[in-house]
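Engineer: Protein chains in written order, with our numbering: chain A, 1 to 306; chain B, 1 to 306; chain C, 1 to 306; chain D, 1 to 306.
Keep in mind that the hints were calculated from the coordinates and are not lab data.
Just so you know, even glycine gets a beta-carbon here, dropped at the ideal spot from N, CA and C.
Hints are supplied without guarantee of correctness; some may be wrong.
As the list claims (entries may be wrong) - So the derived list for chain D, only partly shown, Cβ under 8 angstroms to chain B, looks like this: (1) Y168; (2) D171; (3) K172; (4) Y173; (5) T175; (6) P266; (7) R281.
Protein chains: 4
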Amino acid sequence: MTDSAAQARPVFLGQNQYGKAENRVVRVTRDGATHHVKDLNVSVSLSGDMDEVHLSGSNANVLPTDTTKNTVYAFAKEYGIDSAEQFGVHLARHFVTSQEPIQKARIRIEEYSWERIEAAGEGEHSFARQGQETRLTQITYDGSSWEVVSGLKDLVVMNTTDSEFWGYVKDKYTTLPEAYDRILATQVSARWRFNWSDEEREMPDWEESYTQTRKALLSAFAETYSLSLQQTLFQMGARIIEQREEIDEVRFALPNKHHFLVDLKPFGLKNDNEVYLAADRPYGLIEGTILRDGAEARIPADLTNL
Amino acid sequence: MTDSAAQARPVFLGQNQYGKAENRVVRVTRDGATHHVKDLNVSVSLSGDMDEVHLSGSNANVLPTDTTKNTVYAFAKEYGIDSAEQFGVHLARHFVTSQEPIQKARIRIEEYSWERIEAAGEGEHSFARQGQETRLTQITYDGSSWEVVSGLKDLVVMNTTDSEFWGYVKDKYTTLPEAYDRILATQVSARWRFNWSDEEREMPDWEESYTQTRKALLSAFAETYSLSLQQTLFQMGARIIEQREEIDEVRFALPNKHHFLVDLKPFGLKNDNEVYLAADRPYGLIEGTILRDGAEARIPADLTNL
Amino acid sequence: MTDSAAQARPVFLGQNQYGKAENRVVRVTRDGATHHVKDLNVSVSLSGDMDEVHLSGSNANVLPTDTTKNTVYAFAKEYGIDSAEQFGVHLARHFVTSQEPIQKARIRIEEYSWERIEAAGEGEHSFARQGQETRLTQITYDGSSWEVVSGLKDLVVMNTTDSEFWGYVKDKYTTLPEAYDRILATQVSARWRFNWSDEEREMPDWEESYTQTRKALLSAFAETYSLSLQQTLFQMGARIIEQREEIDEVRFALPNKHHFLVDLKPFGLKNDNEVYLAADRPYGLIEGTILRDGAEARIPADLTNL
Amino acid sequence: MTDSAAQARPVFLGQNQYGKAENRVVRVTRDGATHHVKDLNVSVSLSGDMDEVHLSGSNANVLPTDTTKNTVYAFAKEYGIDSAEQFGVHLARHFVTSQEPIQKARIRIEEYSWERIEAAGEGEHSFARQGQETRLTQITYDGSSWEVVSGLKDLVVMNTTDSEFWGYVKDKYTTLPEAYDRILATQVSARWRFNWSDEEREMPDWEESYTQTRKALLSAFAETYSLSLQQTLFQMGARIIEQREEIDEVRFALPNKHHFLVDLKPFGLKNDNEVYLAADRPYGLIEGTILRDGAEARIPADLTNL
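Extracted from the complex, chain A is given alone in its bound form (with noise of 0.2 angstroms):
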């Protein structure tokens, strides 16, 4: 932060951050005739001493977007990527441990996943596309401590039945019927913060944290029976911290994504929670985070923006 008073205005800079974003990278490994698959969306974010170049325009401490694009591509093929959790850590010590200006590192990274295709022959280095969530991580590093972000996007799930919502406040707006008997769908937005921060600490096993993380959230989705979608929330959130040591905080977004029961009465039909219409807009957003015991939060409020 710095006074801008050398250019009498009365106006000063505050935070600032900048990289290059969404850089697709690709890793293929060969074990013989099996291939494995890495495809990430990588998205570099630095700052530090950069008051210079927003003042003067003097670019004298500032790394160019485009190197770090090519570094990292460089690491993919240096480092190979085991996870993106570790091809992040990999790229934010090297932003902030290789150049002086730069403090502090942000790392965020999409990752896509593929199934293999079976097919006769030998070799194995076919495949499609698996799912439409994206699984997702955030890794920040200023110089002496870590923070890892993980987490998802896009997995649509529902419950055709064991969800009710009834006992509601009602003010001279409230129109809605009480129901027994609804669909509960949501488009789950899941971040989760790791415990690990120091180097010197093992790291988690950040493939199998994933796997099981996005279990534990499934399962409560699933057997919860459900009063509101905030209690199923929370279920999701508590299982995960529960069954999760290395995980210190969740949060969640979750759109409830509305299906109409529709009125099939005018045509002489019974609708007996058979057919619903699946609306688009506009949609409750249910949001909240879930605490392991003595742990501060630090996830941001807004998962989504709208």
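Use these hints to put chains B, C and D onto chain A, whose structure you have.
Structural biologist: For chains B, C and D alone, coordinates are given in the frame of chain A:
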């Protein structure tokens, strides 16, 4: 088609159609505690004796699009949804046979698939959206003959080897180096036309046909050693025609999703087909039709609108 | 089209085409300190004697799509871009006349428009993207005859009155109340075909034609007292045919973007055509062609792919 | 925040909020035959004493999101929509003051602008959607203090000259050549915070403020001779702070939309800053805050979610 001479304008009305697009219907079927789900996006398009509504604004021949929407939801109750194709047949027949001015109906359906979430406890009513791809069908009926074209879109596939591209024409604008081992990736958009057209004949098993056609397409993609994406396209289509006797015509639009080998030499690294940049635009676009001997081409050339 | 008897498979190859899609080219022309900008998205599609590349993978007749991309950029320099239509004519002629196996070329172009930003100081080189709509053209050439179809998409328009809908068919699924004053809103997708096809004839003034055709379409939308969206569609097309002698055929796809009058009676309020809910899906979809007397219909029926 | 000890689980509930997102409301005001339109997308988010709904599923403190939707439409009638900001103030005050468990309300609004279509005849009721950009506002109220942050997104701008980039850090991954005349293009996402927070003070003229702030931002973009996008960002923010006394803080997220000069030498052509390739990904992403002297930074750092 009508001469608008009565209006003393040198214009006349050509082909026209109308209806309600994108009716989102979710149908739940309860088999005890085990639920089944069909999730469709249904678009109705009707044509016939509709000159007056264009010329004078008289709606005397117009069944409102709102009514076509209601019909979709009512039929989901009355007939259930065994398959998108079967459901479309019910709808098309209804519109053509129940309203004299309507001479032709075309029903387009997108289907989204769901897989079960494993959960403890009794009951099977929890689902997660599966895959990125969308299953498609289009049913057309003119009162005497049926045409059913099914297909899929957004199925993303990749071979990490067994693809070459060389021996092509070089003109003064050609700079592309020949490739002897490249990634071949595409986002499959496919349509296939059934030879069922006569109501007296038994319908195909639409669900089984979809499953096997998709499998044929994927295995041909994986098993073809490719000298060009056109060759792969032909193999995919030919395999469907050979394996599925109910299908006479297949059309593909295959964007060539380029994965460029990144030049790492400036950084002192060798890139041995390991690190790729996945590019967005431009992309190659390869389109083609494969037909059964003796069959007529009826699927329009352009599956995608740019 | 080729019989694949040599392959002893009961299949043959139908219509096929290939090329490079979505080449994004920005052309700057400097008239002293005043700059002009053309911003295009160019897609090339070629067809001809291409059986071998499908059947055997031989690329001997294949001009690479990478070369078609290079040609787009080289031609932007060599010929400039007076208009998208003129630029497409240069490209189509080149591909058909320079490569014997290529018998037909189709060039599709999207154009994005920019307006100047007012600024102090000399020089005119600052621009802001204007409007949501995209200008379109498609040029097709088979070595002897030309077809030019231009148009636009994503032009969103609304009349807040002078629209009714009543007197329609009522069947057992009809529940819609008649409307005597409603909002009429649509997102115009339009294509118009020029009667220029012979190189010996002088070309239309493509820029002036676009400006005036768009104006005719908008004024007809605004000035039509509408009893149905079909009537408005016909008036828009007829006005273009009447005012633009260079155009013989117009096709529209007009989604009826429903604005529902919100029922405020439960809250003790009267809604006198003041407060509307703008709905997403489903939407009506009205499509139709208007032709000059004696002209033949050539624009395909489906401008939009669901 | 609540300790869930009662549940004997090692977890507790953190920040949470809920509401109805994306209520699309169109408000027509009739001034005789001249109509005026406000077109908004309103999202409500409420927080307060909501532990029970998460922990036990009791909705006793929950005003249904359906009710918040109804309130939006009812208020559009009762209060009209003078400006998005004013409308948001009405809504936020209502929720906080009418329901005891609700301690904080945040209203986010997107506004779409329309321009009149010129038409013959009397009456002014025809409109076309204007521009690609979306106006934004966020009103937050906790029962005592107000915060209003307005802004815009998707305003795409370009300078075709007066931009350089050189003198930057070079490390072993740097290959970028220096540029002394390049295109500078970005898609502006901006937020600005008003210093109005106390209901006793007069509110700014929200409509005039938006118009003038947008103008300041655009003119600073156009008039800055740029040595880096950071410098342009600072100038845009500083000009707003200087010209608009009602604003204390501005935050920008500026993707650097790269336009690469195409190498035409292989085709024997010279590209004298005339032909550019507009790239999609990756893109530079420059973000920063500019503050009035003495003001506190409150706008979150990340305006965009990757």
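Engineer: For each hint given before, does the structure comply? Return the numbers of the non-compliant ones in rising order.
Structural biologist: 1, 2
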